[in-house]
Amino acid sequence: MLDSLRAVTEAAVHPSIQPTRSGPKPPRTGWRRLLAPGWLRAPWMTALFFAIGTGIVVGIRSLAGWDPVWDSLLIATVGGLIAAPLGFLAGIGAFDYWTKYALGSPTEPDDHSGHGAYSWRDYFRVNTDHKVIGIQYVVTTVVFFLAGGLLAMVFRAELAKPGMQFLDGQSYNGTISVHASLMIFLFVIPAFAGLANYVLPLMIGAPDMAFPRLNALSYWLLPIAGVMMLGSFLWPGGAFGAGWTGYAPLSVVGTDGNVFFNMGVQWAGASSIMTALNFLVTIITMRAPGMTFWRMPLLVWANFSTSLLVVLATPFIAGSQFFVLFDRLMDTNFFDFNEGGYVLGYQHIFWFYSHPAVYIMMLPGFGIASEVISVMSRKPIFGYRLMALSLIAILILGFSVWAHHMFVSGMAPWLRVPMMITTLLIAVPTGIKVFSWLATTWEGRIHLNTPMLWALGFVSMFVIGGLSGIFLGAVPIDIHASDTYFIVAHIHYVLLGGSLFTIFAGFYYWFPKMTGRMYNERLGKIHFWCTFLGFNATFFPMHIIGLQGMPRRVADYDPQFGTWNLVISIASFFLGASFLIFIYNMIVSWRHGEPAPSNPWRAMTIEWQVSSPPPVFNFDQVPQVVGGPYEYGVPGARHAVFNGDSEHASEPATDSQRPQH
Amino acid sequence: MSAHAEPHAAHPPAANQSSRVDATTLGMLIFIASEIMLFGSFFTAYFFVRVVNDAPLWPPEGFHLPVFVAGLNTAILLTSSFTMHWALQAIKRGSRAGLQAGLVLTFFLGLTFLITQMLEYARIGFAPRDGAFGSVFYGLTGLHGAHVFIGLTLLAFATIRSFRGHFTPKEHWGVEIPGIYWHFVDVMWIVVYATVYLL
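Protein sequence lines, in the order shown, are assigned to chains A and B. Sequential numbering of the first sequence, starting at 1, is according to my numbering. Sequential numbering of the second sequence, starting at 1, is according to my numbering.
Source of the hints: derived by calculation from the structure; they are not laboratory data. Be careful, since some hints might not be right.
[To be verified] Incomplete in silico selection of chain B near chain A, CB under 7 Å:
hint: 1; residue: 16
hint: 2; residue: 161
hint: 3; residue: 164
None of the values given here were measured: they were computed from a predicted structure. Glycine included, every Cβ here is placed at the ideal spot set by N, Cα and C.
So that you can see chain B by itself, here it is in the shape it has in the complex (with noise of 0.2 Å):
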């Protein structure tokens, strides 16, 4: 293989910005397109079995699904992405205790949903093998779950570097895009929330 490429200079030239929006923004927004498709394949079971199917009683003889308790919890997700925006605005600022609090509230409120919705599988009588019913309330759930652990692990890593003295009022990229992701998993629960428990 006789195909290296020659040293030619130390450093890369400065790549034209051909667009006035963010790269590391546009990626993390087609990345969303993609994963409200993830959400879309799962809501297309859901349909399947309830609508397409033509379920007679919805949700079926025996189940029961808490609805209040889970409007806590989705008023507990809603608040973690006003406190995921003041930590945005903080930093902006300049207040890096605002960021510091803004995050740690954040990570908490959220870690917050995922222990209730652990415990609500716990305690909710059925398991996803009882029936079609089961398959998709957790597959939902369940796939909202995985998102928000992820969710969850970014805003850790931002809540780290902000406490390790990263981001200024000019540089906070590592707080926005996980902010983001953040806000997606917020507004795709009100859609599985109203979906699920309401509709």
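So here's chain A without its partners, still in its complex pose (with noise of 0.2 Å):
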């Protein structure tokens, strides 16, 4: 809000400001409903900015003449790829604001106009509120999470038994590679970025982030980074087929459907920048008085220490998907070791990102936990400062690990041996998490309901996965599992038994303050074994064909692993199914559901001290902080306090008396 409330001083010169109201505006009528902002502006102006884009490369190429002038190509890249985005983002109006700000015309601060959402339509349109960005950020995120999931039922069908069945080896390359970088890029990490975009402001006490516009503009890139990867599957050659991981020069010499993953990665890595400092800036800048630093709950903390995280390494893989654009667009050598370049480069630049975003998807995923776990086990969360320590310690740590991808590329012999010391450290932050939570549920009241199994279960089947983590991290037994199935196990166990548990202890514990409805809680527990066993019954027997030696990316295998390719393909159709409970659930308790009561869970974050949803403006006046955010079972314990709560009004807040700027 601050940047309204400074446009709002900075425009006081201007007399014409629009009297205050709240909600959209009165739409346009005739033609001029195609100026205003919205789904009728943006097919044209995404025409627009795609004929601008393929205007600057056939006039640049025909001025220099370069041959062919039509390089349809470069044509998809920069017009389809880079302009028509912006044209789209333009049309919607994402861009209305500071467009006007730039010119220096009345920006109409203080009419919210695009704050909160009064009808479904509201969720379909650029809105500045950080609830209905929220929402659309999970919605959006489990659009693809579906998608990326029929894409590895496709996959699992054509590895059902050995021989090729109805996939070419570049069709399954592609429907590989578009898989993992929709969970990654689409699901895991922006749905982090959407629960927490929803939850944190409220916990922390704000009336929403820091920069509400940048937060819409940030949901919105998404979409489009979305569609592009999947886009690719039309472009002849077919589908991105280098992997999520994009190796060069496979991905440069690659069929030309790598432009979509380079430019793709290039969206959803702006729209997680953006989002990380806004959060960076809201938890610093926002918080409520009394919210010190070791009164956050630790869900503020995990999204601290990841957006720290993103901001600083989601540059890296920006410059390694521009040095393969380059390379294939542009005939430059970053990679060919012909000309000069370094082959192993790429893999360098690629992982200093790469590996600390596997922390960029697991710590807001430990923050979901913590909250969940010592919600559900009515005690206090065991070691407060230590769990939030060793946040911090993950995130310094996971920027010096990342040759452990690397021991077999041929790096240099001497960094193995410092790089797998620093992966083996990781395992004590991880752990002491691991004993905190296991210690925090320790002759605690149990209540074993959706969420809690969730959280459950990740703890259980991420210590699985952290444990052939650290197999992999000793560099002798990574030579031998190396690109086998011992790895796609180990990446499941962390991202799926990991992250996704963790995503749906969110979305379940979440559901009622987001809906106003409580979920059904028997098709919630259903849904929640009925993964758990189709998860495990997938990946475990991964484990044992990858340590025999089947080799992953591969469409083709030794008859030998036949059998046990087909548990897991039926395992997979199972796990794959046990979503549909989760998506009935969701859209029948959304319509349908039970009220939801403010607290359901009776938790003392201040998420839940408001109405089930929150008003509009979240708060009528920002909360007074006077303790930890898990004093569960202390008698008279209190986190925050509202206005005109005279029961401690005489208590003395010792860290709200600090100065109010």
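Take the two lone chains, each set in its own frame, and fit them into one complex as the hints suggest.
Encoded structure:
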């Protein structure tokens, strides 16, 4: 809100400010509807920007006399993957305020016309309300999750028996690559961002994020990235097939669909950097009075450290994808050894982002698990400060381990042992967290409801994934297991059994807050157990066939692995089907569920102290924080008090007496 | 979907300011940290090619860099940082004319830098496709050029607003924030110039 408040004062020289009202503006009529921000303006502006991008490419090429003038891949990249998305964003209205501001026009800063949802249509426009954006994020990521899951079932069907069934090598590679890219860049990372978008400002007692318009923009970049990755299937030659890691030189010389990956990652990465920046500024500058860093809920801590990782690491994947794009489109030689390039450079730069990205995909889940386990065990979280500090330790160590992905790549041998040691060291802060969760449940009054099942499922599955991670961190075992299904098993135990389980813990835990309705508890539990069993039946055998030597990333395999693969494929279809229960539960409960009370879990954090769903501006006045967030079972303990709460009016709130700027 | 929030109040409550740092400044600083890492990835590629690949001769045989012209260009860009500072100080004192003059000067100095760099590209005698040296040279200088372009765009907005009567001695975020970015672009050029041309 601060930027809009500032704009109020800057625009004060203009007397023409509209009278204050909240809610959407009345719609324009006639042909002017084409000029109003929204779905009528978006198509023609997308087309217009595509034409401008094409014009730039063709213009420069014809002026310079390069042949061919109409280079279809360049036009697709500049016109289709850069200019057209900008046109879409401009059309939908993501830039309206800034354009007015830049040109010095009056900016109508305080009418809040883009804030809050008053009908379902408001979820389909640029909205500055962090709660609306949070729901936009969550629903979008679930859509891409289902798309990615369907792709997984396609190639599991192909792998059900040895020999080639209905996919050829290229389409197999495309299917697994798009599956992984969607799951990582369009589901796990943004789903966490979406959940935090909804609850984080509420948790710290802020009326909104620090930069609401930037927040809206960062959401709208996401569908662009997802459509781009899925759209690569339509390009001649097929989807990008170099995996989600996109190793050069394969991604340079492979199909042209790789440019869709290169640019899709840029849009998704820009989205996560903007969100992370917003989280950091919000957490630093907008905490409620009395909310010191040591009184922040662990979800806030988790997103604070994740955001630091995103801001510092994501530019490296942007760089690596730029190099690959330049190598393909401009014939540069970043990775071509014959021309003096450095082949392993891609892997180093990529993993310098993508190993921290593993923690980007895990730390917010740690935060969610901490919230749920403490509330459902009715006990204070064990070792609160150490939990927060171990997040920071993981953040710092996370930057020093990237080359453990490259033990067999032929990199400098002296780099192996230091990377092994730092990798194994990460088990220490992670272990602290696991033992703290276990100690939190110890002698607690455990409520085994759906969010708690997901959180406990996460802890157990994540331990398995963490242990195989320690195996792989050790150089000798890694050399044996590299590029086998053991790696596939490991990544799915940490990303599916780890991240996805916490995401679902979060979905169920905050569903009453987001929708104002209770979900169906019985269906939630059935969903958990089906996913849990399906997940283990799918991925546990991969450890075995991996150690027996079945290589990953291949469309066909030796017949000796046929039985296990059939088991895995059947289990994976069961796993896929289990999410239908989730979808059914969410849709039906959202429409017809029992109205949710404001605090169904009897939690102490601030988001549960307001109504479900919260009012448009979250609070009438920001609350006063008077204690830690997890004092369950401590007599008389309070986390936050609201204005007029006479019980605590006389309580000495020591931390709140710092000067208010 | 019954989840539509009821209107509760017409205004959001005033957020508590929990840090002495101003939100917009902090946001710009974090963004710059991210930008530094982006430059870091390009510098990494540069040093991979130059140091890790153990290039025998640098720049390789047949490549020449116009160190002197680029040095003059560096001076032009550095000057623009001072004029930017002058513009900000002027509006703090309440001098609109000083603000406008400072911003216009900064903008044209930056534009001169960018045009000089384009002329340099046209006459330098090698292209991005010419070996890994061409790639990393155009990569780093081109990335910086793109940032100068972004900086110029922000400066253009500030200039337009200054001529339309915005900004007062107390309210000049729209000058200060692009100014921080402009200084970053200048400092980053010194690093790029020192690495690519001098080192």
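Find the hints from earlier in the document that the structure breaks and name them by number, from lowest to highest.
When the structure is compared with the hints, none of them turns out to be violated.
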